[in-house]
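From first to last, the protein sequence lines stand for chains A and B.
This note's numbering puts the first sequence at residues 5 to 350.
This note's numbering puts the second sequence at residues 1308 to 1820.
Treat the hints with caution; some may be incorrect.
If you want a taste of the chain A side facing chain B, the calculated C-beta under 10 Å gives, among others [said to hold, decoys possible]:
id	residue
1	Met-193
2	Arg-257
3	Gly-287
4	Asn-292
No wet-lab data here; the hints were simulated from the structure.
In this text, a Cβ means the ideal position worked out from N, Cα and C, and glycines have one as well.
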Amino acid sequence: MPDISRRDMLKWLAAGLGVLGGGWFLRACGLRPERTPVPPRPTGTPVPPTALPTAAPTPPPGEPTPTPAPTATPTATPLPIPDLAVARGGEPAALVRRAVAALGGMERFVRPGDDVIVKPNICVAYHGYEYAATTNPWVVSELVRLCLEAGAGRVRVMDSPFGGSAEQAYAISGIREQVEAAGGTMEIMTSFKFVPADMSMALDLRSCDIYEDVLNADVVISVPIAKHHNLARLTLGMKNLMGVIRDRPAIHRNVGQRLADLTARIRPALTVVDAVRILTANGPTGGNLADVRQLDTIIASPDIVAADAFAGTLFGLRPDELEYVRAAAAMGLGRMDLEGLRIAEV
Amino acid sequence: MPTPRINRRVWPHLRRAVQYLALLLFLILFIWSRRGGWPAEVVNLPMRLDPLAMLAHLIASRTLLAGSALALITVGLTLLLGRAWCGWLCPLGTLLDLFSFRRLRGKRAAPADGWRRVKHVVLLIILSAALFTNLTLLALDPLTLLFRTLSASVWPAVDQLVTAVETALYRGVPLLRPAVSAFDQVVRPVVLPTEPAFYRFTALYAAVLLGIIALNVIASRFWCRYLCPLGALLGLLSKVGLVRRQVNSSCNACGACARVCPTGTIRADKAYASDPAECTMCLDCLAACPQQAIAFPARFKPAAREAYDPGRRQVLVGLGAAVAGVGLFRANVLARRDHPHLIRPPGARENDLLDKCIRCGECSRACPTSAIQPALSEAGLEGLWTPVLVPRIGYCDYSCHNCGQVCPVQAIPPLSLEEKRSQVIGWAYIDERRCIPWADFEPCIVCEEMCPVPDKAIVLEEVDVLSPDGQPVHVQRPRVVRERCIGCGICEYKCPVNGEAAIRVVVPGRDQA
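Construct all of the structure, not just a fragment, from the sequences and the given hints.
Structural data, given as structure tokens:
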């Protein structure tokens, strides 16, 4: 080994610190400022869905919505786009396709080149998807496929489980296999990417470390599985966002308002509630097939509050019985008046 | 026929290559034992090649395990080639060669040969204690010692350092972000934990290893010469080993061989002959001899007895020390009444762990949440460095049964995942004086939420009570359903109450049928 004199060592140490300090300085110059929170994408020129919720008969679903030719006059009044789409009966992937198509297609949410994060619920590594503790793998992979078809630059899928390792949970839930087959990437959420987020819009949760990539992504899609939870009553789209923060116990106090605060910060562009199989008791971990009910239902909406409010009815709960739905609606994050919503049953 | 000079010079290089390969293999198996994916029989191979651990386990447990027959490979190797294990394969030996401190040591004379006895006494204590079903001193086996140090101090420290560097680069140098992120995604799942792994007494294990390395300053391979019980066992076998070092008549007593011998067994006063029990077959002398006076022929006659070889006196000392030690350990109250927090890995409690555990630390390493820790005080001195589950550090993962699979001696029984999921390892108790809904009248259901048992071993009692200021409040109070609780400890691990959790797992309260 060559001898290094003390002087040389100090020189190298100074050079190393200089590089680090320089990097710090450049960062301070704001090479890439954190995106300020913005409301969900405006629904600018929505693509009219092929099938409108006119009558009971189910329209021919399953295939991707062909993008209709733009109308001659762009100022023509747009056809009413539903606030929320519910697809019932069929294979999980087809349900997702129908529901998203009814909302105007994924092109409404994802622009070419976008960096998309799909956030399913992969909370434990204990059981396969049949136990309804984790989101249905085909629901997740179909969303990945739709995003890629819409031209997304990359689609990453991630969650940080509380029981078992992420690697194992990704495998056991079956989500890794399906997502990778669809062309998406599973990311293991790593500790150094949680950063303090600007929580100035929050009413109660004034500080929160959030996964930086979620803050910086162009599009975040929340894909919860609808299931029982004793504190929040149900875990749905808003509760699903807890997976991207560092200090989850902090949410357990004043859970309704704090979940609304978190939602106000992340603002997913789209929420797709997996109610293919729902867990009606002993959530969120599950493990007993007797607690699982198969509904073959997918709820999709750009309005996370409306999606959660509607999903609650599957369990016989009124929207106002979910504290976080009330809190979020009060903050103007979405609507909980299901009677006033345009709901497409497809 | 004299061997050509060039050939002799190659031997030490070849040996070093083999040493590094063996060390690398040891490290790879170490890394994979946490990661999973490789069969347990592959991962725990080094321990099963260790004849000292396997022999002591055989004596103490009075059970013959087919898997431990692998140690016969090492025995055979030793009967053929002497202590080649020590010179060519032992990962600790290689580490000691890497940090030999030749310059620091200078020309200092090594301690007298009589000290070589110490390792024989250690060996005799281990084997005598094993007769009394005690395996405490296997903690001094070189493989278990190195493995435990890597697992409980080196690896968590490396993880902390890597994470700190990653964080600094990721935050500090925006240009490097994609690179750091990609590095983390590739390296972490293979080598490092996703959640930081914590161990108790990390510095202690490091200090023991550093101490052993530092002893090189007194004499090269000090550990192997004077202390190592595995070296002592292999040395005794080497006395009847086939291939041995021999000095022929062309020796001109230049002393080159004695100067390079790492274990100092080549002695001028014995015409540069050596003791095969101390020779690690490193072949440095073969390369160093200018006279080509050294050869390694096969011989059947046992080697001569040395003054430091164990005799009646050492056997009696070993036996006496073992009897006294075992007596004192067994008189400790912990041998009769369990320490309340001595939670053993699934199935181990019912399985006479102390008679079987070789202290290798494979279970602790394989535990994905680092819940299994080497015991320091919970099990008394007798149970030093046996596995104990510490729920505040990690929980027993409901989807994992690695510890029983990877245990080389079935001290932790190889339960199937289904069996493990219903194996009771402890009982959870709520501390109602500190539990948030009980004591503070505020909502918290974390323990219930986390409970992995399908029907929930923690249920919530809905009650309307008056808070201390007289306000009526509705609270959900957690309660443990005794017959459902398996003691996995995730409730204690996740309990948001600072410091000691408000729900704690202790040893099962009553003996189970």
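For each hint, the structure was consulted:
no. : hint    : in the structure
1   : Met-193 : holds (8 Å)
2   : Arg-257 : holds (7 Å)
3   : Gly-287 : holds (8 Å)
4   : Asn-292 : holds (4 Å)
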